[in-house]
Amino acid sequence: MQDSLSVNDLEVWARHPSTSLRRDRFGLVMAGAEIIAPSPVVDYVAWYTEGFFARGDSPASARLVIHDVDPERIGSVKDARLTPPLRRAVLPASPDTVCFVDDTHSTVHLFLAAATADEPMLVAVRILRALILRALLGDGLPFFHATCFTLRGVGVAVVGRRTAGKTTLLLHCLDSLGAVLVGNDKFALVQDADSDAEDALGFPIQIGIRAGSVLALGDGPLRTFLMRRWSQRFGGVDAHRDDLETRLGIRPQELAAAAGSTVMPRCRLGLAIEPYVDPLAVTPRLERLSNDERWTLWTDNLLPRAADVFPQQAALAGPTSETRLRIPQVPAYRLVQPSAALPLTSRVIEDLVCRVSVEG
Numbered sequence: 035m036q037d038s039l040s041v042n043d044l045e046v047w048a049r050h051p052s053t054s055l056r057r058d059r060f061g062l063v064m065a066g067a068e069i070i071a072p073s074p075v076v077d078y079v080a081w082y083t084e085g086f087f088a089r090g091d092s093p094a095s096a097r098l099v100i101h102d103v104d105p106e107r108i109g110s111v112k113d114a115r116l117t118p119p120l121r122r123a124v125l126p127a128s129p130d131t132v133c134f135v136d137d138t139h140s141t142v143h144l145f146l147a148a149a150t151a152d153e154p155m156l157v158a159v160r161i162l163r164a165l166i167l168r169a170l171l172g173d174g175l176p177f178f179h180a181t182c183f184t185l186r187g188v189g190v191a192v193v194g195r196r197t198a199g200k201t202t203l204l205l206h207c208l209d210s211l212g213a214v215l216v217g218n219d220k221f222a223l224v225q226d227a228d229s230d231a232e233d234a235l236g237f238p239i240q241i242g243i244r245a246g247s248v249l250a251l252g253d254g255p256l257r258t259f260l261m262r263r264w265s266q267r268f269g270g271v272d273a274h275r276d277d278l279e280t281r282l283g284i285r286p287q288e289l290a291a292a293a294g295s296t297v298m299p300r301c302r303l304g305l306a307i308e309p310y311v312d313p314l315a316v317t318p319r320l321e322r323l324s325n326d327e328r329w330t331l332w333t334d335n336l337l338p339r340a341a342d343v344f345p346q347q348a349a350l351a352g353p354t355s356e357t358r359l360r361i362p363q364v365p366a367y368r369l370v371q372p373s374a375a376l377p378l379t380s381r382v383i384e385d386l387v388c389r390v391s392v393e394g
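Sequential numbering from 35 applies to the sequence shown in our numbering.
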């Protein structure tokens, strides 16, 4: 067994000549990460993040090293004594992954037993993404629990509590309105450098879709795609109609393509919608939120800590500056709707977007 490990030991291993390792960079204009990993892992990261992260020329504020070592060495380093500043990180979703963090050099070292299998490669994507999100948090960017898409060139944020219907509304807008997907579950708020306008920054995060959201779609390519995927993974969709826990994971790029749409990593925010299901409502209606209500909506859905932004990789969080509390200064509306009124809802949203576009 390896008695102890230091940063220098790991750096020597990372620099060891290997024909199987490649270097590349992925990320955004504001933050990026360098990856040193076996070629199949780098290719997988490129495929998974396509459309969201630029490749090759992003600034590298962090580094991910996936060591190409045999299983025997992985076993020897797993319980080694670490020399500071090296520390061990436990990843709840990947408890068997050996992960060491060097906060001094913003570097994560991974040892994967089967680095070219799908699940370990997905771990690599999640960690690289978490490093980029960590850098953005460190720069003080606020993150929100919200979905975002663009419609007729207007960025629409769908903000609300869990099970409020954000994903269902997103699916319907992709399916029937030709919306373009920016992000699901969370986005970062970015101040435009040349104006007071605010942009939503989306990320390549798998979208979890419940059976009820699939069944709420009308007949068409998107419903067919999701029904087939659900059946392959879980069996019959109807059996999970009221199941709020089971979710089908889909890459955002695949979801958008199934709806005949695409993804974009950043958009100018134009309005916010809070979905609210009212069983007594006859038709969907919009209620404009007051300034106090708008403030409450956004602050209730602020994600202030690393544990909120990337919970499964929170152990990677290093020293960060405190998030600046800033909420989008765009009009916000409560969308009150009956349980089954999505066709009418889509028309209400489309009319609102057209009005905001003309007024803005």
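If you are wondering where the hints come from, they were derived from the structure by calculation, not from laboratory data. Just so it is clear, the structure is predicted and the values come from calculations on it, not from any experiment. One or more hints might be untrue.
Pair ranges (Cβ atoms, derived) [what the hints assert, rightly or not]:
(1) L359 <-> R107: 13 to 21 Å
(2) A341 <-> P313: 52 to 60 Å
(3) D253 <-> R107: 18 to 26 Å
(4) R381 <-> T138: 52 to 60 Å
(5) R195 <-> R339: 17 to 25 Å
(6) E279 <-> R339: 18 to 26 Å
(7) Q363 <-> R195: 51 to 59 Å
(8) T333 <-> Q266: 35 to 43 Å
(9) R121 <-> Q363: 19 to 27 Å
(10) S110 <-> G90: 43 to 51 Å
Below, a list of computed lysine to any residue pairs in the SDA-like style, where the Cα atoms sit at most 20 Å apart [claimed, not checked]:
(11) K112 <-> D58
(12) K112 <-> R122
(13) K112 <-> G174
(14) K112 <-> A127
The beta carbon of each residue, even a glycine, is placed where N, CA and C say it ideally should be.
A quick look at each hint next to the structure:
1. Between L359 and R107 the Cβ separation comes to about 46 Å, which falls outside the hinted range of 13 to 21 Å.
2. Taking the beta carbon of each, A341 and P313 are about 35 Å apart, not inside 52 to 60 Å as hinted.
3. One distance hint, 18 to 26 Å for the beta-carbon pair D253 and R107, is violated here, with the actual separation near 54 Å.
4. Between R381 and T138 the Cβ separation comes to about 56 Å, which falls inside the hinted range of 52 to 60 Å.
5. The hint said 17 to 25 Å for the Cβ distance between R195 and R339, and at roughly 18 Å that hint holds.
6. For the pair E279 and R339, the beta carbons lie near 24 Å from each other, so the given range of 18 to 26 Å is met.
7. A hinted range of 51 to 59 Å for the beta carbons of Q363 and R195 is inconsistent with their spacing of about 22 Å.
8. Take T333 and Q266: their Cβ atoms lie about 40 Å apart, and the range 35 to 43 Å holds.
9. In this structure, R121 and Q363 break the distance hint of 19 to 27 Å, their C-beta atoms being roughly 40 Å apart.
10. A beta carbon spacing of about 35 Å between S110 and G90 contradicts the range 43 to 51 Å that was offered as a hint.
11. For the proposed pair K112 and D58, the alpha carbon gap of about 26 Å is over 20 Å, so the pair is violated.
12. Using a Cα cut-off of 20 Å, the hinted pair K112 and R122 holds, with the two alpha carbons roughly 9 Å apart.
13. With a CA separation close to 34 Å, the supplied pair K112 and G174 exceeds the 20 Å bound.
14. For the proposed pair K112 and A127, the alpha carbon gap of about 17 Å is at most 20 Å, so the pair holds.
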